[in-house]
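Following the hints, complete the assembly by docking chain B onto the known chain A.
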Amino acid sequence: MAMTGTFGSRRLGRWLLRGAAGFTMLYILTPLIFVIWLSFFRQEIPSFPPDGYSLRWYGELAGNERFVSGFVLSLELGVIATAIGLAVGVPAALCLSRFRFRGREGLNNLLLLPLMVPGIVLGMALYVAHVEVEIATGLPILGSLGGLVAGHVLVVIPWTVRLVTASLAGFDRTLEEAAQNLGANRWTTFRRITLPSILPGIVAAAMFGFVSSFGNLEMSMFLVGPGRTTLPIAILQYLEWKIDPTIAAVSVIQILLIGAAMLITDRFVKISRVV
Amino acid sequence: MTQAFAATGAAPARKPAGIFLSAGSLIGPATIIVAIGLVFPVLILFRYSLNRFEPRVMMVEAFSLENYAKFFSDSYYIDIFLTTLRVSLICTIICLILGFPLAYVLARTQTRFKNLLIMLVVLPLFVGNAVRAAGWMTLFGSKGFLNSTLMGLGVIETPMQIMFTEQAVIIGIIAVNLPFMVLTLQSVIEGIERNVEEAAFSLGAPPATMFWRILWPLALPGIIAGTILTFILGMNAYATPVLLGGPQFKMMGPLVFGQFQLNNWPFGAAVSYILMVSTLVLTASANILMQRRYRR
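Chains A and B, in that order, are what the protein sequence lines are. Per the working numbering: the first sequence ends with 1011, consecutive numbering throughout. Per the working numbering: the second sequence ends with 283, consecutive numbering throughout.
If we strip away everything but chain A, and leave its shape as in the complex, we get:
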């Protein structure tokens, strides 16, 4: 009796568990589902049920100066910041996982710090630092593109360090020794042995770095100069004013772009293993 009771409650428990998991999944996806739905509405006002469906909001996006320039700036920022972030982050990760030295843990934490400081505080801090540097040097840093790029590099570095360090954690170093014993010089060893094994980490870092730069809102709000907007800022400012299928269509483009980036990355490295 006790056995069947336990089995019965286990089966019930399993269904409850699946139901709860499904509910949470639906909760997470609900806002995206509604944004996608709204982007196809024929009428401009988001009322239900819709009068009909149309693709015209997508067609009109190309003519929307604000969103197009925001999209281009976010794309440029993401690419430049990711390139610089990888260029300095990958060597740092190699160093952190290769060498045992005093203060290594501290340096590791320092490089992860940009992810810990709240975006809004980081933005405010960068702004006042730009004010001070501009006063001290006379260089026009405040609201400059360079200042914005520097801020975004800061966001990319911790992702690179974290993901590349993680990809080296299970690396067998005797492979490098073997290669060198067989006569490979260090450059060849790096290129043929080390690089292939950290490549998934680099790809994942590029994806996470790019996406977090592309979607950065809080920090960027403080750093964009007059007449310059990134896509997330343009979306926020539009939504403060109104919600309509135009903004939904912009959002869907962003969802598609990020979804595509994730699928491409997934071909190199399983997303479920790096997040």
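Don't read these hints as lab results, they were simulated from the structure. Fair warning: this is a prediction, and the values are worked out from it, not measured in the lab. All residues carry an ideal CB built from backbone N, CA and C; glycine is no exception.
Pairs of lysine-lysine, DSS-like flavour, derived with a Cα cap of 27 Å:
no. : chain 1 : residue 1 : chain 2 : residue 2
1   : B       : K101      : A       : K1006
2   : B       : K237      : B       : K57
3   : B       : K130      : B       : K237
4   : A       : K978      : B       : K130
5   : B       : K237      : A       : K978
So the derived list for chain B, only partly shown, Cβ under 8 Å to chain A, looks like this:
no. : residue
6   : T18
7   : L85
8   : L89
9   : A120
10  : V229
11  : G255
Only chain B this time, still in chain A's reference frame:
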């Protein structure tokens, strides 16, 4: 210093000098960028918080705590702080309750859809908070899906006011933070052997007992990490309270940006520090408390 890969101790005979860089030059650039780009600004921000704001000249050098005193002596600001705290706590608790089942199922599932399911959890996380707020606005507006459906069914006569309430903000922040909670819990649960659960069941433990006696204590590091992460994200929320809470609803994040827009940098800096330090103190003490309570 100049023995990068030679640190492996391999092939001492071959040392083409200068091809590989020293440890210092490998990690140096990133360290300098973070030190100059982050540590220095955060220190300047603290110095600013001690300055004085004068409406016409914007900022006067000073060395006083009056910005902090202003915050803690005005019930308007204390209310904003308490609202932020309340919203973050509620969101964190609901995230834990909602997130655990999904994290467990994701950790234990054997199907080939696992990767796809995890991508579906990660995708919203990357899409940005403003985009997700747009989804909730479509759902919650006075002509939105929820009100239209309920009115169509005759449940309510006039549309409910959901937008621009604390409830809307809480619902929105939960959705924003759930992926972080789920992913943190999932990675820890994956490290717990299925066997220990089976052992509990075969000894006759009902699922609830198994959960409280086995799963909960073993998953505790993940629970603490996920709780702290979601709490911090809740405290620092910006886009969700601005868009779903409207102009009247205030949390700490929007308050910082508001002060920045008013050009009151000293007070904005002080609010930043109050936000950062209070979050740090609360999470650290919660961490210590939890660790002590569950140490066996």
